[in-house]
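The whole structure should be built from the sequences, with the hints applied where relevant.
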Amino acid sequence: MTWCPEAADPAASGPVRKTLEMQDIKRPQRRWFVRPSSAYDQRSAMLFLAPMMLVLSVVAVFPVLYSFWISLHDLKLTRPHRVPFVWFDNYVKLFTDPLFWESVGRTASFTVMSVLAIMVIATLMSLLLNENFRGRRVLSAILLIPWAIPYVANGLMWKWIYDSGYGALNGLLMQMGLIDKYVVMLGDTAKTMPLITNAFVWKEVPLATILLLVTLKSIRADLYSAAKVDGANVLQRFVHITLPQLVPGFALVMIYESMMAIRHFDLFFILTEGGPADASHVVAWQVYVETFRKLAFGTGSALAYIMAVATFVLAYFVIRSTSRKL
Amino acid sequence: MSNIWNGDASRRDFLKLAAAAGAAGTGALSLDAAAQAGQPINFYTWSAAVDLVKSHLTAFESSTGLKVNYNNAPWAQYRDTMVTKFVGKAPLDVMWVSDSWLPEWAEAGWIAPIDGFPSLMKYNADADTFCNESMRYKGKQYGLTYYTDYMAFFYDEEMLKKAGIKAPPTTWDELLQQSLKIKGAGLSEYPMMLSMARESWLIEFLSAMVFSNGGRFTDADGAAVMADPKRGAHQAMQWVVDAVNKHKIISPACVETGELNGLKAFGAGNHAFALLSRYRVRTLNDPKQSAIAGRVKQALMPMGPGGSHATVGWMRFHGMSTQAAADKTRAANAAKLIEWFGGKAGSQYQFQKMLFSDLGSGFGVKELFRDPEVQANYKKYSDIAMYEAQQKLARKKDVIAPWFGEWDEVNGTAWQTAVVGKSSVAAALKKSSEAWNDLRKS
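Chains as they are written, first to last, in our numbering: chain A, 1 to 326; chain B, 327 to 768.
Source of the hints: derived by calculation from the structure; they are not laboratory data.
The C-beta atom is built at its ideal place from N, Cα and C for all residues, glycine as well.
Don't take each hint at face value.
To be verified - Listing some non-contacts, in silico: residues in chain B with all C-beta distances to chain A over 12 Å: (1) Q467; (2) K507; (3) A511; (4) T583; (5) N587; (6) N596; (7) S634; (8) E699; (9) G738; (10) A740.
Claimed, not checked - From the structure, some residues in chain A lie toward chain B, with a derived Cβ separation under 8 Å: (11) L77; (12) T78; (13) P80; (14) R82; (15) T96; (16) S164; (17) L186; (18) K191; (19) E273; (20) G274; (21) G275; (22) A277; (23) D278; (24) F292; (25) K294.
See below:
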């Protein structure tokens, strides 16, 4: 049985429909896919899917389950002969460690600060790029540069910029007359996190801008025309049309950037190694220290699981709170 | 047919037999070589002096007929890479080992002692004491030198002269006074360069400071004594904290300055004094790499009240894997390779000498200090008498234990916390001490 567009579309075949109803003849159902007609087809479909399912099981499902199993053991690579099963001791140990809660607080503040900054800057950038003006294409291309730079290269670049002895930022501030001698940058615990946040925001803004720009482009022009007819000014059109229509884009950016910020490691590794004096010790850094410096895979896996669950919960609530508007 | 054994053989018969015996002997030798060549020695190092290692390996292979599988990994990932290889039972025979990892690797049963190889142990007599001690754990020796060096005290002679200072400081207090004088003369904002970033170098800087203040992190039994205010650790940390916050002779950016950046800053002429690895003097006095070339001199490590000119020394050595040690042939071959690199190749310590000549790396062998070539080479950029004098005062780190890596994280943070003024010296050392004792108990 195949679907016939003419027969299924009432608008396109009004008289025909009437005739069919009168004759009480069952019309063909509108169907968007073809159901496998036999068990043989179903088996064939499964057969074709099997390799991918197998690959996914090996590279995704098994590691995820196995790392949870590891998190229930006191596994240290440097002590290979004794790997006791400790139930949830690793989780308890982490939850009772003040350093863990300090790093959770630092991660939360880094996430909030960076996501807020990204959203504000990306909104402004996308509004700008949504207008028609000379040089818009060039500006769009320039905007993509930070996005194209790999994370490690980005980190090294900012390390040079922030260096307290010869950094470009100090040089710029000196030339502008804002400081009279080079000041400590990453070594100053009060500045460490804001500086890392700045480097992270710089890297992430382009993608967020593109996502919001796509959302902006999808807003129907007749909404603005109707608002103009009703006498709405620019601000009113922005508040009552643009912002509500941008909500799906905001939700997407918020979820994606929050996940990126919570899990972010590269800049902390390259710029400060969690220092100075633990001033940039975030959860992702703690995962690295536990797993690769202390080679304690048990606590490292437990931490990674906590991070994964936190990210999942955050994404769930963001999606839930914005779903009505999506 | 004549019989060669009862004396009636002709000369032709003798020659035939000799030829047959020769052929058989050669065949047996080549079979042995083939058997050995069939099982190459797996040699793993970090990515340093790679070309030098390769050329020395080529010489080894042609000299012994043995084959070597050589691989390397960057220093930053070396420990993780090796641990993964050990756990995964990857084929390994000989590898470079840092003294910091020795207890960890020995306790895990990954590396084997070499005490059973007299051909290797004989070289101990030629080495400095701290070198041999750095390769020993629980009374057993685990390798032979790759290279060794120590933390040295350098000064910019010209800057001192400009400030009217005739001789370099001999104590930490003199260093403070001279630094204040240089700072006062406007010659340097921060006359003393000290790298305090959290990296593997940090414990070397801290140990040099503590040892020269007559202190210890741990006592002879391995118990933490760093928090004891009468010991040198407290004195050393207080000096650093005051130098940064009170006297401002060390930049507060020291907590973000790693060893390499410190070298660059000192080489750029920003400082009058610096603590750096001894082998850096070659770079510092190289006009192509340093703005203060020819002006950098080494002096003995300044001493604190009740201290000495002692410094910290470290050791990187060739170790043998347990899997190689368990197989007689593999162990014998591995020992040959270790001797070729860590001992004498031919009649001299060729590899250590090449490392020194080409890269300026330090050696732990006393007789090389008397080598005319070594002396002439070193004279081009520094003073070999000072090199040797300070090396005699070098000590092995007293915090090398299986839990060193975990403790080092806490200790590094504790020192930084005190330097940035977020905790007192006493509180920082107490935290470090408690972490040591907890890890020791567990």
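* **Numbers of the earlier hints that this structure fails to satisfy, in rising order** => As far as the earlier hints go, 4, 5, 6, 9, 10, 14, 15, 18 are violated by this structure, in ascending order.
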